[in-house]
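Novice: Chain residues, written in single-letter form:
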Amino acid sequence: MEVKQIGDGVYEITCGTTHYREVNAKVRELVNAGAQKVILKEVYGQRYIGTGIKGKVKIEVHGTAGNDLGIFLYGPEIEVFGNAQDGVGNTMRDGKIVVRGHAGDVCGYGMRGGKVYVEGDVGYRVGIHMKGYKNLVPTFIVGGKAGNFFGEYMAGGILILLGLNRKPGEDIVGDYCATGMHGGVIYVRGEVPKRYLGKEVKVFEPTLEDMKLLTEELKGFSEAFNIPVDEILSEPFTKIVPVSARPYGRMYAHRWGIATGLIK
Amino acid sequence: MLFKKPQVAFYPFMVLRDDYKCVRCKSCVDQCSFDATYYDEDLNMIMNHHENCVNCKRCEAFCPTDAIKVVKNPSTFHPDANWTPEAIRDIHVQMLTGAVILTSTGNDKPIKNYFDHLLLDACQVTNPPIDPLREPMELKTFIGRKTDQLQFDSDGVSIKTTIGKQLELEIPVLFSAMSYGSINLNLQKAMAIACREFGTYWNTGEGGLHKSLREFKDHTIVQVASGRFGVDLEYLETSAAIEIKIGQGAKPGIGGHLPGEKVNEGIAETRMIPVGSDAISPAPHHDIYSIEDLRQLIYALKEATNYEKPVFVKIAAVHNVAAIACGIAHAGADAIAIDGVRGGTGATPKSLRDHVGIPIEMAIAAVDDRLRKEGLRNEVSLIAAGGFRSAVDVLKAIALGADAVYIGTVAKLAAGCTQCQQCHTGRCAWGITTNNPKLAKRLNPDIVAENLYNLLRAWAHDIKELLGAMGINAIESIKGNRLRLRSWGLTEQENKILGVLPAGM
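These protein sequence lines map, in sequence, to chains A and B.
The first sequence maps to residues 1 to 264 in this note's numbering.
The second sequence maps to residues 1 to 505 in this note's numbering.
No lab work stands behind these hints, which were simulated from the structure alone.
Just so we're clear, the structure is a prediction, and the values are computed from it rather than from any experiment.
Where is the CB? At the ideal position from N, CA and C, for every residue including glycine.
Just to be clear, a hint being listed does not mean it is correct.
[Unchecked claim] To give an idea of the chain A side of the interface with chain B (calculated C-beta under 10 angstroms), a few residues:
id: 1; residue: R47
id: 2; residue: T91
id: 3; residue: R112
id: 4; residue: Y133
id: 5; residue: F149
id: 6; residue: G180
id: 7; residue: A245
id: 8; residue: P247
[Unchecked claim] Within a straight-line C-alpha distance of at most 20 angstroms, the following computed SDA-like cross-link-like pairs (lysine to any residue) qualify:
id: 9; chain 1: B; residue 1: K165; chain 2: A; residue 2: A25
id: 10; chain 1: B; residue 1: K262; chain 2: A; residue 2: A245
id: 11; chain 1: A; residue 1: K134; chain 2: B; residue 2: K211
id: 12; chain 1: B; residue 1: K350; chain 2: A; residue 2: Y248
id: 13; chain 1: A; residue 1: K26; chain 2: A; residue 2: E79
id: 14; chain 1: A; residue 1: K54; chain 2: B; residue 2: N306
id: 15; chain 1: A; residue 1: K199; chain 2: B; residue 2: A283
id: 16; chain 1: B; residue 1: K350; chain 2: A; residue 2: A253
id: 17; chain 1: B; residue 1: K165; chain 2: A; residue 2: R21
id: 18; chain 1: B; residue 1: K262; chain 2: A; residue 2: M251
id: 19; chain 1: A; residue 1: K56; chain 2: B; residue 2: E237
id: 20; chain 1: A; residue 1: K134; chain 2: B; residue 2: P274
id: 21; chain 1: A; residue 1: K134; chain 2: B; residue 2: G276
id: 22; chain 1: B; residue 1: K373; chain 2: B; residue 2: K479
id: 23; chain 1: B; residue 1: K211; chain 2: A; residue 2: N135
id: 24; chain 1: B; residue 1: K262; chain 2: A; residue 2: Y252
id: 25; chain 1: B; residue 1: K438; chain 2: B; residue 2: A61
id: 26; chain 1: B; residue 1: K262; chain 2: A; residue 2: Y248
id: 27; chain 1: A; residue 1: K134; chain 2: B; residue 2: K262
id: 28; chain 1: A; residue 1: K4; chain 2: A; residue 2: Q36
id: 29; chain 1: A; residue 1: K134; chain 2: B; residue 2: H210
id: 30; chain 1: A; residue 1: K56; chain 2: B; residue 2: N306
id: 31; chain 1: A; residue 1: K199; chain 2: B; residue 2: A99
id: 32; chain 1: A; residue 1: K26; chain 2: B; residue 2: E308
id: 33; chain 1: B; residue 1: K5; chain 2: A; residue 2: Y252
id: 34; chain 1: B; residue 1: K211; chain 2: A; residue 2: E79
id: 35; chain 1: B; residue 1: K479; chain 2: B; residue 2: T147
Use the sequences and the hints to build the structure in full.
Specialist: So, in structure tokens, the structure goes:
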């Protein structure tokens, strides 16, 4: 590991095969000492980059970001020049992650704030159990296609799937999309055949309100990857929302249910 | 088919009221939260819907003239060892609802309690017992990873080895995870106060940490479960330790499910979900499908908190618990919490509560054995949970190989619980497992904190008396010391698993 200062508050760390624990400790140390930007070079799958830091610091990752990039993220902005592995933005609260490449499985798991933009494809179970509460609303945008269980158990937030640059015949999303979804909203560019969807959701045409929201949310993505918003919006979108905020309300009963009207 | 619903026709409990003693004060009507009691103005009588009575005894406790007795309905079904009233009633519920039966308060089936078959040793003549009233007695327990060996400086006194973060307990007893939502803030606050006063820890459960309880940071274990409710960097930092919940004794293998109607403003804010939305914890953590993945989350938590917090992993005691526990130790956990088949303050499907898991006694013995054989025992602490009733149970668990014990039901009992098994309904008449503001205020956190403190004080002294009788003056010396246990009425196989000799040997 090699650390050098290359500007005012800007540091460069050449990671190579250094263990993540040392790299992350160094990043935290630099940030605590007032660094504004940390550039990580030669990243070979180091895990947990960006975690445990509060504040608006910028982190650049050159190479392949390892698992759980930005887990519990609380403010930093991370930009990956390359691919990221599993768990990007896992249980993230605030900040921004831009991946200029593909990302792996379970990205955005339990995410409750901030933005994640992935230029390419994502793996399975992306956006699983995303949440939203009042003004804490997370946004996860996927430029390419997604694997199975996209938006599974989703409880809040905004999940957008664009499917750009697909090869002919490639599906935009895998099976069991939005299974168990009970909150939030998914927008997909193009159509999603019903057989791919979980039974807890319904498909709608986006309203004017939805389009306003989409345009707003896509701005950041458009800036990050230099794709005009109009071009993205040139195809109609599909809106996926849950039928009920209580999908399993009638699955359970108890003897005392008479007084509650549960036993009719 | 039937004139009345079977639930209305054949109810398990009834409220007997002595009309001569009843003064029509209607306090029973006010107190009943299950709609089992009402006042009939025309008759000037207090009447009952017996079918709604759950035997919580709140009306009995509040009757000023002792006019009420809640009793088992003497009219029962035909005696049948197979078709018990419970079996028949379950059919009645399911035929009308088509739903899984929910219940709570832990396994109520007569599963053999091995603690009741273990006896402790005492000193006679050849080595003297110790009097804990006049001689020092050490209950202090440290939870966390211990090193393989200690290295000393050249002076031979100062220790060179750095020991990882430890939790310091004044009694080897901690309060088990019960989330805000399943119980209310008053009980969480009472536990937090008692822990701060006595020197032990309480556990938030998976529902996040309410802002009013942040001041108890140094005595709080925060839980991270599959739903990740209320989990963010600040939450992880506001703790003494972090616990990853994989499973719990009340419902091994399934997730949690707080129904939407229980999610009020405070719970919504703490869990970071909208008001009225179901809080669903999936059965697995979807980022954990292997021991390696578990290691990934353990180290994510350590990285996020700069290696300042011990990380626990809680699992339910299942058939291959020993192998799993070894995996958890290898994965880097500082402590393993194991919840046995009797565990269960949680709302759970009845079939899981009563039939899934193994007794905690067997699990402690098996895990302790395996960790020793693999040379891992010093690397993790072992916290046992699941139906602990007394200081004696605690001591026997420690003698079998646990470091400390989690108690949950005991805390509820100290808050007034009568074990009526209705936690999941959110109507708890004692104000414990409800967030209905009218009911929740029945629980005074300061009084309950005092009760809990008294309880810990009593158990601490109880343990000291027992240790003294054994001629031991530190809890450390009884840990895993199964030679000081004897069994009665167990088979050879059971003795082998527990690693104890039968009485007389």
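Novice: Decide, hint by hint, whether the structure agrees.
Specialist: Hints versus structure:
no.: 1; hint: R47; in the structure: 7 angstroms, holds
no.: 2; hint: T91; in the structure: 5 angstroms, holds
no.: 3; hint: R112; in the structure: 5 angstroms, holds
no.: 4; hint: Y133; in the structure: 4 angstroms, holds
no.: 5; hint: F149; in the structure: 8 angstroms, holds
no.: 6; hint: G180; in the structure: 7 angstroms, holds
no.: 7; hint: A245; in the structure: 5 angstroms, holds
no.: 8; hint: P247; in the structure: 7 angstroms, holds
no.: 9; hint: K165/B / A25/A; in the structure: 18 angstroms, holds
no.: 10; hint: K262/B / A245/A; in the structure: 13 angstroms, holds
no.: 11; hint: K134/A / K211/B; in the structure: 17 angstroms, holds
no.: 12; hint: K350/B / Y248/A; in the structure: 17 angstroms, holds
no.: 13; hint: K26/A / E79/A; in the structure: 18 angstroms, holds
no.: 14; hint: K54/A / N306/B; in the structure: 13 angstroms, holds
no.: 15; hint: K199/A / A283/B; in the structure: 19 angstroms, holds
no.: 16; hint: K350/B / A253/A; in the structure: 10 angstroms, holds
no.: 17; hint: K165/B / R21/A; in the structure: 17 angstroms, holds
no.: 18; hint: K262/B / M251/A; in the structure: 16 angstroms, holds
no.: 19; hint: K56/A / E237/B; in the structure: 19 angstroms, holds
no.: 20; hint: K134/A / P274/B; in the structure: 7 angstroms, holds
no.: 21; hint: K134/A / G276/B; in the structure: 13 angstroms, holds
no.: 22; hint: K373/B / K479/B; in the structure: 16 angstroms, holds
no.: 23; hint: K211/B / N135/A; in the structure: 18 angstroms, holds
no.: 24; hint: K262/B / Y252/A; in the structure: 15 angstroms, holds
no.: 25; hint: K438/B / A61/B; in the structure: 18 angstroms, holds
no.: 26; hint: K262/B / Y248/A; in the structure: 14 angstroms, holds
no.: 27; hint: K134/A / K262/B; in the structure: 18 angstroms, holds
no.: 28; hint: K4/A / Q36/A; in the structure: 14 angstroms, holds
no.: 29; hint: K134/A / H210/B; in the structure: 17 angstroms, holds
no.: 30; hint: K56/A / N306/B; in the structure: 19 angstroms, holds
no.: 31; hint: K199/A / A99/B; in the structure: 18 angstroms, holds
no.: 32; hint: K26/A / E308/B; in the structure: 16 angstroms, holds
no.: 33; hint: K5/B / Y252/A; in the structure: 19 angstroms, holds
no.: 34; hint: K211/B / E79/A; in the structure: 33 angstroms, violated
no.: 35; hint: K479/B / T147/B; in the structure: 17 angstroms, holds
The structure is inconsistent with hint 34 alone, although it conforms to all the rest.
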